[in-house]
Each structure stands twice: as structure tokens, then as C-alpha cells.
Amino acid sequence: MTVVDDRPETVAPAPRRRPNRLLALLRNSWRQLTSMRTALILLFLLAIAAIPGSVLPQRGISPEKVNQYFVDHPDWAPRLNRIGAFEVFGSVWFSAIYLLLFTSLIGCITPRLRDHIRALRSRPPAAPKRMARLPQHTVLPAPPGGTAAIAEVLRKRRWRVEVRGDEVSAEKGYLKETGNLLFHTSLIAVLIGVALGSWYGWSGNRLLVAGADNAFCNTRQQYAEAKLGPRVDSADLPRFCLRLDDFQARFLDSGQPEFFNATVTVDGPDEPTRSADFSVNSPLRLNDANVYLLGHGYAPVIRYTDRFGNSQISDEPFLTTGDMGLTSEGLAAFPDANVDPATGQRAPDQQMAFTGIYLPTAPEQAPFVRSQYPTERNPALNLVAYRGNLGLDAGIPGSVYELDQRQVRTGKVKEVGTKLLRKGEKWTLDDGTTVEFLGTERYVTLSIRHDPGSTMLLVSCGVLLVGLMGSLFGKRRRVFFRVVPADPGEGSPTSGSSLVEVGGLPRTDYPGFADEFTQLIAAVKGDADPAAERAGVREGAE
Amino acid sequence: MSALSDNLVTFAILAYLVAMIGHAVEYALGNARTRVATAAPVRELVGAGGGVLPTPPAPVPSSPPADRSARQARLAGLVGVGATAVAAALHLAALVTRGLAADRMPWGNMYEFVLTVTFIGVAAWLVVLWKRPSLRKLGLFLTLVMVLLVATAELVLYVPIVPLVPALNSYWFVIHVSTIVFASGIFLFGVVPAVGFLMRSGYEQGKRSFPYTLAKRLPGAAGLERLTFTLHAFAFPIFTFAVIAGAIWAEAAWGRPWGWDPKETWAFISWVVYAGYLHARATPSVKRNVATWIAVLGFLTVLMNLFGVNIFFTGLHSYGGLD
Ligand code: HEM
Numbered sequence: 001m002t003v004v005d006d007r008p009e010t011v012a013p014a015p016r017r018r019p020n021r022l023l024a025l026l027r028n029s030w031r032q033l034t035s036m037r038t039a040l041i042l043l044f045l046l047a048i049a050a051i052p053g054s055v056l057p058q059r060g061i062s063p064e065k066v067n068q069y070f071v072d073h074p075d076w077a078p079r080l081n082r083i084g085a086f087e088v089f090g091s092v093w094f095s096a097i098y099l100l101l102f103t104s105l106i107g108c109i110t111p112r113l114r115d116h117i118r119a120l121r122s123r124p125p126a127a128p129k130r131m132a133r134l135p136q137h138t139v140l141p142a143p144p145g146g147t148a149a150i151a152e153v154l155r156k157r158r159w160r161v162e163v164r165g166d167e168v169s170a171e172k173g174y175l176k177e178t179g180n181l182l183f184h185t186s187l188i189a190v191l192i193g194v195a196l197g198s199w200y201g202w203s204g205n206r207l208l209v210a211g212a213d214n215a216f217c218n219t220r221q222q223y224a225e226a227k228l229g230p231r232v233d234s235a236d237l238p239r240f241c242l243r244l245d246d247f248q249a250r251f252l253d254s255g256q257p258e259f260f261n262a263t264v265t266v267d268g269p270d271e272p273t274r275s276a277d278f279s280v281n282s283p284l285r286l287n288d289a290n291v292y293l294l295g296h297g298y299a300p301v302i303r304y305t306d307r308f309g310n311s312q313i314s315d316e317p318f319l320t321t322g323d324m325g326l327t328s329e330g331l332a333a334f335p336d337a338n339v340d341p342a343t344g345q346r347a348p349d350q351q352m353a354f355t356g357i358y359l360p361t362a363p364e365q366a367p368f369v370r371s372q373y374p375t376e377r378n379p380a381l382n383l384v385a386y387r388g389n390l391g392l393d394a395g396i397p398g399s400v401y402e403l404d405q406r407q408v409r410t411g412k413v414k415e416v417g418t419k420l421l422r423k424g425e426k427w428t429l430d431d432g433t434t435v436e437f438l439g440t441e442r443y444v445t446l447s448i449r450h451d452p453g454s455t456m457l458l459v460s461c462g463v464l465l466v467g468l469m470g471s472l473f474g475k476r477r478r479v480f481f482r483v484v485p486a487d488p489g490e491g492s493p494t495s496g497s498s499l500v501e502v503g504g505l506p507r508t509d510y511p512g513f514a515d516e517f518t519q520l521i522a523a524v525k526g527d528a529d530p531a532a533e534r535a536g537v538r539e540g541a542e
Numbered sequence: 001m002s003a004l005s006d007n008l009v010t011f012a013i014l015a016y017l018v019a020m021i022g023h024a025v026e027y028a029l030g031n032a033r034t035r036v037a038t039a040a041p042v043r044e045l046v047g048a049g050g051g052v053l054p055t056p057p058a059p060v061p062s063s064p065p066a067d068r069s070a071r072q073a074r075l076a077g078l079v080g081v082g083a084t085a086v087a088a089a090l091h092l093a094a095l096v097t098r099g100l101a102a103d104r105m106p107w108g109n110m111y112e113f114v115l116t117v118t119f120i121g122v123a124a125w126l127v128v129l130w131k132r133p134s135l136r137k138l139g140l141f142l143t144l145v146m147v148l149l150v151a152t153a154e155l156v157l158y159v160p161i162v163p164l165v166p167a168l169n170s171y172w173f174v175i176h177v178s179t180i181v182f183a184s185g186i187f188l189f190g191v192v193p194a195v196g197f198l199m200r201s202g203y204e205q206g207k208r209s210f211p212y213t214l215a216k217r218l219p220g221a222a223g224l225e226r227l228t229f230t231l232h233a234f235a236f237p238i239f240t241f242a243v244i245a246g247a248i249w250a251e252a253a254w255g256r257p258w259g260w261d262p263k264e265t266w267a268f269i270s271w272v273v274y275a276g277y278l279h280a281r282a283t284p285s286v287k288r289n290v291a292t293w294i295a296v297l298g299f300l301t302v303l304m305n306l307f308g309v310n311i312f313f314t315g316l317h318s319y320g321g322l323d
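Top line first, the protein sequences correspond to chains A and B.
Quick note, the first sequence lines up with residues 1 to 542 if you use full-length UniProt numbering.
Quick note, the second sequence lines up with residues 1 to 323 if you use full-length UniProt numbering.
Some hints here could point you the wrong way.
[Claimed, not checked] Far from chain A, some chain B residues (derived; all Cβ distances over 10 angstroms):
| id | residue |
| --- | --- |
| 1 | L92 |
| 2 | K207 |
| 3 | S209 |
[Unchecked claim] Below 25 angstroms or equal to it, Euclidean Cα-Cα: the simulated PhoX-like pairs (lysine-lysine) are:
| id | chain 1 | residue 1 | chain 2 | residue 2 |
| --- | --- | --- | --- | --- |
| 4 | B | K287 | A | K176 |
| 5 | B | K131 | B | K216 |
| 6 | A | K227 | A | K65 |
| 7 | A | K129 | A | K475 |
| 8 | B | K287 | B | K216 |
| 9 | B | K287 | B | K207 |
| 10 | B | K131 | A | K475 |
| 11 | A | K156 | A | K475 |
| 12 | A | K475 | B | K287 |
FYI, nobody ran anything at the bench for these hints, they're computed from the structure.
We put the CB at the ideal spot given by N, CA and C, even for glycine.
Given the sequences, and given the hints that come with them, work out the whole structure.
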């Protein structure tokens with residue numbers, strides 16, 4: 001602590017003549033920036049700046065909530081948006097605070113590092129003239145070995161010792177400053193680790209339905225949304241494919257989940273083909289990517305048979321609505337329905353879509369809107385059929401979970417009926433076409449990521465902890481011994497032999513120093529004979 | 001077993017109340033001069049003794065003619081300490097039975113969490129009191145905090161026992177949560193001498209208005225300040241470790257070590273504020289009062305994380321158990 005506060009005084013005073021104003025200003029600002037007071041203020045600003053990040057919805061975490069906020073507060077939201085309040089942790093002002101703090105940090109530790117290395121190389125200083133002024137002070141009879149014996153005791157206790165004539169100086173507790181510097185340096189390493197991750201990392205989320213037909217390969221196009229760091233190109237994504245073979249879940253009677261496990265087959269040029277299991281808390285670790293299990297649900301398998309007798313199957317995942325019973329909502333769209341096989345002629349107003357609510361455990365009686373248990377004890381699919389122009393370009397599969405409501409409003413799509421289907425049941429629509437609920441597939445929600453900064457992050461966090469403990473629990477202190485001839489005039493029983501004057505100085509806040517000093521004295525006297533020791537007690541009391 | 005645990009909590013609250021009353025009576029009777037011999041001049045002992053270790057100063061009872069109220073006050077204080085120990089034992093028993101009933105560590109929701117944090121706080125207090133009996137008068141403030149928090153847990157946060165959701169079912173749960181709970185408990189205890197110091201130092205500077213007069217019989221300001229620092233310096237690395245462990249776990253469970261979820265954000269805020277406290281205390285130009293206020297602020301952010309985040313925000317950490 002003293003290191004920092006002393007520093008301004010150790011800087012040579014600027015020459016009186018022709019002071020370079022700009023240089024002085026720069027030097028002063030730098031000194032200001034690297035002062036402990038500035039660090040404190042910046043730390044505070046950082047804490048305060050983080051608060052809106054927890055109060056307001058954040059785009060990176062819950063974009064839907066941000067959109068909702070725009071709907072709820074149409075007047076405030078745009079203004080907040082302009083100042084980056086929905087992306088606090090990437091905002092200019094948040095970044096400015098931590099970058100300033102880290103600049104301050106670098107400016108603060110560099111000179112301390114230099115000083116510390118110098119201190120490590122130099123020898124403990126000479127004993128002060130008037131040792132009685134030190135916080136700890138005593139006099140005892142010299143041990144037989146003199147300074148050499150004292151130095152030996154100190155060295156055994158891992159003090160750094162310097163013997164100068166009949167004086168011994170010793171110092172201990174460099175660990176404190178070493179730890180402190182290690183701690184502050186690893187803060188910088190943590191920041192670099194985070195930066196590496198965001199520059200060179202990538203991530204994407206993806207629903208994966210069970211079955212070979214639904215296998216997913218790691219390309220940009222296969223993600224609904226993917227985030228690539230600024231230094232990552234789509235071509236850099238490691239090539240592998242995943243197929244969901246099995247998904248198991250166990251639930252308590254209350255419906256609370258207890259256990260999940262997904263079994264997948266991995267293969268691809270960058271990965272050997274193999275089967276692997278993973279679950280919540282234990283992700284699938286591939287060479288250059290990790291696969292995390294975030295959620296799961298059901299994909300109802302629906303077969304539609306059109307007027308020409310052509311059947312098509314949809315097994316789109318139905319998204320869970322968030323209740324315990326895994327009530328799920330989704331859409332089965334058949335944009336290619338009712339294409340005349342003879343002419344290949346599309347009938348754009350004859351496309352079919354079914355919106356539905358899937359209930360793994362339907363209640364005994366209507367309303368059939370809420371599932372009572374997450375496993376399929378009484379599965380039922382509540383379908384609403386629509387016919388017309390879906391507003392999709394024909395032939396686009398997947399990634400549609402909702403019917404385009406504009407088409408419904410403008411009458412281009414019409415509702416043609418509603419029905420609750422059990423597994424295996426068939427429903428014949430007004431135009432004689434049929435829809436069948438064949439069963440369900442499981443699907444899992446995956447997050448697939450690569451973070452090249454994570455190792456650095458982990459290591460620097462470890463170093464940070466070690467350094468912090470050294471900094472907090474290390475104690476810097478010095479002791480000095482001076483062998484002096486005993487004063488014969490005192491008439492002491494040890495007259496003629498010599499005495500040792502001892503002083504101790506804790507250099508940091510250290511309430512236990514007195515105890516340590518006492519023990520050290522006892523150890524030094526351990527070599528002296530008991531009589532002399534008793535004498536020493538009386539001697540010291542004077 | 002679960003009902004037994006609930007009853008034990010109620011009894012513990014009652015025992016804390018008794019302890020608080022004991023300490024309050026001691027305060028009211030006042031004038032007890034038990035602190036006389038506690039500040040033995042250690043330095044002289046060493047200077048004189050060489051090999052003699054300073055013995056822990058024993059409280060010297062007041063001289064015979066001293067009024068009876070001093071003895072009564074001391075008795076009331078000891079009753080307070082005894083009742084605190086009983087309460088802590090009941091508190092521990094409540095946690096153990098809750099854990100046995102749930103067949104897991106009792107840290108699955110906000111109720112259990114607060115119950116454990118408060119237990120750590122009181123246990124740490126008893127340990128410190130064992131070593132430094134002269135701090136006894138802090139007991140009034142400590143038991144007040146305990147009564148408030150444990151009663152809040154029982155009345156507001158109570159939820160029946162449920163098993164853990166799979167996301168929590170990991171050995172990281174034990175590592176991360178136990179250290180968070182432990183550090184929070186020490187921070188909780190630490191705020192008591194911090195507030196005590198703020199009042200006492202005002203009192204020692206001659207302030208005689210309301211909150212300062214409460215500090216009339218507290219131990220000296222310097223000792224309180226040192227205790228505040230010791231507790232925070234002890235808890236801070238544990239808290240740091242807990243946050244790092246949380247990040248490691250979050251990487252495994254959610255795919256990212258840090259995502260600025262509200263809980264994570266507030267843990268970050270607490271960490272930064274406590275780092276600010278340590279800095280402020282290490283800077284001679286910052287007054288000790290200011291530094292101590294920062295420690296108090298730090299505890300408010302811990303409380304915010306404990307209660308506020310579960311109640312006001314939703315995030316991945318929303319396992320508080322309240323709807
Ligand atoms: C300009 C920036 C900084 C300066 C000048 C600075 C300076 C110092 C100094 C001199 C100490 C030693 C205190 C002592 O030995 O008692 C210290 C300790 C510490 N610093 Fe910093 N630091 C800076 C930035 C930071 C930052 C950004 C953090 C993290 C948020 C941080 C966290 C800590 C912690 C936790 C301690 C331990 C406190 C202790 O040892 O008592 N510092 N800092």
C-alpha cells in the first residue's frame with residue numbers, strides 16, 4: 001500500500017526552466033489515472049454500470065424480452081436503446097470504464113513490478129541506530145555462536161538474512177507483494193482470455209430431432225442463428241455431423257425433471273465416428289467444439305394424404321410452452337400438398353398447415369390445453385387445420401414454428417376444422433384428404449460452441465486465487481539483531497559476556513507480529529544456557 | 001423429518017429472541033466494567049518476558065463494592081451468549097434434518113440458502129467470541145440480524161422439500177454453493193462489527209445523537225474496525241473461489257462460463273464492491289469510515305443477490321422456489 005502512495009515523492013521534480021506544458025499535463029494525467037483513488041472510483045463506476053444490465057432485459061441473453069420491452073414502453077425503449085442499455089456489457093460506456101481501469105491497473109503494476117524485482121534482488125537493509133524505537137524491542141544475552149548462530153536460526157525459519165559485522169538484518173514476507181502482483185497481472189490475463197473467446201469463438205443453437213433423416217452437420221446454414229466472432233469465418237467451423245439416436249428423461253411424480261441423457265452418433269472428417277452420451281452438466285466435448293444439452297421436447301409425426309393420394313410426413317419439433325407437463329405448440333406445414341402428379345401443377349390456394357398443441361399426458365376431459373405430466377402417459381394432439389396460401393415459397397422445409405398470421409387475417413388461409421387426435425388416429429377433412437398422428441420423436445435443444453479463450457481463463461483464474469491469498473495473508477516484516485558488549489557497570493550476572501539487542505518492524509498490518517517476534521526470540525535463545533536465559537529476562541525488563 | 005426441521009427453526013428463532021433480550025438487558029443495565037483488563041499491554045509483556053507468551057487476558061470481575069446491576073448485566077450478557085449457542089445448535093439441527101429429509105445438501109432453494117448463510121454467520125460469531133470474549137456486546141446486533149433474517153426465511157421464503165432439478169444435480173453444486181454460502185455467512189457476520197464501528201467511531205468522536213449513543217457500550221472502534229477487515233479479508237478469497245467455481249459449472253451446464261445472468265451480474269457487483277473495500281482500506285488517504293461504508297454497501301449487494309434477484313428478476317438461476 002505504501003508503495004503506491006510514496007511514488008509521487010520519488011519522482012524527480014520537474015526542472016524549473018522551460019517546463020514542457022504538454023508533457024507535464026500528460027505526466028500528471030497518467031499519475032492521476034494510475035493512482036489508487038482513481039482505481040477506486042473506476043471500480044465503483046464499474047459496479048454501478050453493471051446494475052442496468054440486471055434490471056433491463058439484455059439482447060445477448062433474452063432478445064424476446066427486449067422486444068417485449070419495446071412493446072411495453074414504446075416511448076422509453078428507443079432512448080434506452082440508443083445509449084446501449086439493452087447491451088450494457090458491450091456498450092461503449094461499460095467498455096470505457098473497464099478499459100480505463102485496466103489501463104490504470106497496468107500503469108500501477110508496472111512500476112511496482114520493477115520495484116519488487118529490485119527489492120527481491122537487494123539485501124535486507126542495515127539495522128537502525130536506535131532499535132528501541134521499533135515496535136518490537138528486547139535485549140537478551142548473546143547466544144554462543146554470535147551472529148552466525150542467529151543467522152542460522154533465521155535462515156531455518158526462511159527469513160532472508162544479511163550479516164554485516166556484528167549486525168544481522170532479516171526480512172520476510174515478500175510473498176505479499178509477489179501475490180499482489182500476481183493477482184493484478186492475472187486480472188489482465190482474465191481479460192485477454194475473455195477477448196480471445198469473443199474474437200475467435202463461435203456458437204450456435206439448434207434443435208435436433210431424433211432419427212437419421214434429421215442429422216445435423218456443423219455448417220453455418222444449419223443453424224437458425226449462429227454467432228461467429230469477428231475473426232471467425234464460416235469456413236473455419238469444424239466439420240462434424242450429429243445424429244440423435246436416443247433421449248432419456250426421468251421425472252418425479254410432481255413432474256419435476258430428475259435425469260436427462262442424450263445419445264448421439266458423431267462423425268465427420270474432423271471427428272472419428274462414434275457413439276456418445278451427454279447430459280446437462282456434462283457436455284459432449286469434441287475436438288473444436290462442445291455440445292451442451294439445454295432442453296428437450298417432442299416432435300409429433302404427422303402424415304397428410306392429399307387429394308391425389310400423395311402422403312407427406314412432418315416431424316417438426318413442437319416448442320415447449322414452459323409448464324411442468326411439457327405442453328408443446330407447433331406447426332406442421334405442407335406447402336407441397338395437392339400438387340397434381342400428372343401435371344406437376346401447384347395449387348397455391350390448396351397448401352395445408354396444421355397448428356397444434358401436443359399434450360404428452362392429456363387430461364381426462366376437455367379443455368385439452370395443458371399437459372399434466374411430461375412423459376407420454378396419455379398423448380393427444382389438438383390440431384387446427386388450415387388451407388390456402390401459406391405465404392411460404394413452396395418447398396422450404398423446417399424452421400417454421402408459427403403460421404403466418406397475415407395470411408390468415410387477409411383470408412388467404414382459412415381454418416377448416418379442429419380435432420383432438422390420439423396416437424394412430426386419422427382425421428378426414430371436408431375435402432376427403434386425411435391427416436394422421438403417427439406418434440412422436442424426441443428432440444433436444446443444443447448449444448454448440450467453441451471458446452478458444454477458456455483454458456487461458458481457467459489458468460488465470462487459478463493464478464488469480466493463489467495471488468490473492470498471498471496478497472491478503474502475506475505479512476511483510478523485518479527483524480534486526482545487534483551484538484553489543486554487556487555493560488560491566490550494571491553488575492549483571494552476565495557481565496563480561498555480550499548481549500544482543502533485537503528490534504522488529506512489521507511493514508504491513510499484522511496484529512500477530514508480537515507473537516511471532518516472541519517465538520523468534522525464544523528460538524534464538526534456544527542455544528543459550530538456561531541460566532543466561534533467566535538473566536536475559538531480568539535484563540530485558542529494565 | 002421435514003416437520004421436525006420446521007419446528008427446530010421455530011425454536012431456533014425463539015432462542016435467538018431470548019439471546020437478543022439477554023444482550024439487550026445487559027445493554028440496558030449498562031455500566032458493567034468487564035472490559036477493564038482486556039486491553040492488556042501486550043508489547044510490554046513481550047519486552048519484559050522474552051520467552052513468556054502473553055496469556056489471554058481474563059475478564060476481571062468488578063470490584064466488590066460495585067453495584068449489583070453490573071453483575072446482573074454481566075449475567076444477562078452471558079445468558080445472551082448461552083442462548084445464542086443453544087439457538088445455533090437448534091439451527092444446525094434444523095439444517096441437518098432438512099438435508100436428511102431431502103436426501104441432499106440443504107441448499108436447494110432460497111429458504112434453505114438463507115437458513116445456511118445465517119447459520120454460518122452465527123457459528124463464525126461464536127468462534128470469534130470464544131477467542132475474544134471482550135466482543136460480547138456485539139451480540140445484541142448480531143442476534144438482531146439473526147432474528148430478522150431467520151424469521152424472514154421462515155415466514156416469507158418457506159417452501160416444502162423438493163429434490164434438485166437436474167441442472168443443480170452435480171458435484172459443482174456442492175462446491176459452488178457451499179463456498180458461496182460460507183462466504184456470504186462471513187460477510188453477514190462482518191457487517192455487524194462494520195456497523196458497530198461506524199456507530200462507535202462516531203461516539204468516540206463525541207457524537208451523542210441517536211444511532212451513536214447505541215454504541216456507548218460497544219468495544220473500542222479500532223478493534224471493531226480490525227475485526228471487520230479480518231472477516232472480509234477472510235471471506236473475499238472464498239467468495240472469489242466460489243464465483244470462479246460457479247463459472248466453471250456454468251460452462252458445463254449452460255455452455256458459457258459467464259453470461260451476465262442477473263445472479264452473475266450481482267455476484268460481479270459484490271465482488272467489485274468488496275475489492276473496492278480492500279483497496280480503500282489499503283489506501284491511507286481514504287478514511288476508515290469511508291472504507292467501512294463500502295463494506296456495508298458490499299453486504300447490501302449480497303442481500304440483493306440473496307433476495308432481490310430471486311424475487312425481481314428471472315434468469316437461469318431462478319431456483320428460488322418462490323412463484
Ligand atoms: C489502478 C489500479 C489498481 C491499483 C493502483 C491497485 C493497487 C493495489 C494495491 C497497492 C494493493 C495492495 C493493498 C495491500 O497490500 O493491502 C491492492 C490490492 C488489491 N487489489 Fe488492486 N489495484 C488496482 C486495480 C485493481 C483492480 C482492477 C482490482 C480488481 C477488481 C483490484 C483488486 C485488488 C484486491 C482484491 C487487492 C487485495 C487487497 C489487499 O491486499 O488488502 N485491484 N491493489
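Check the structure against each numbered hint from earlier and tell me which ones fail, lowest number first.
none
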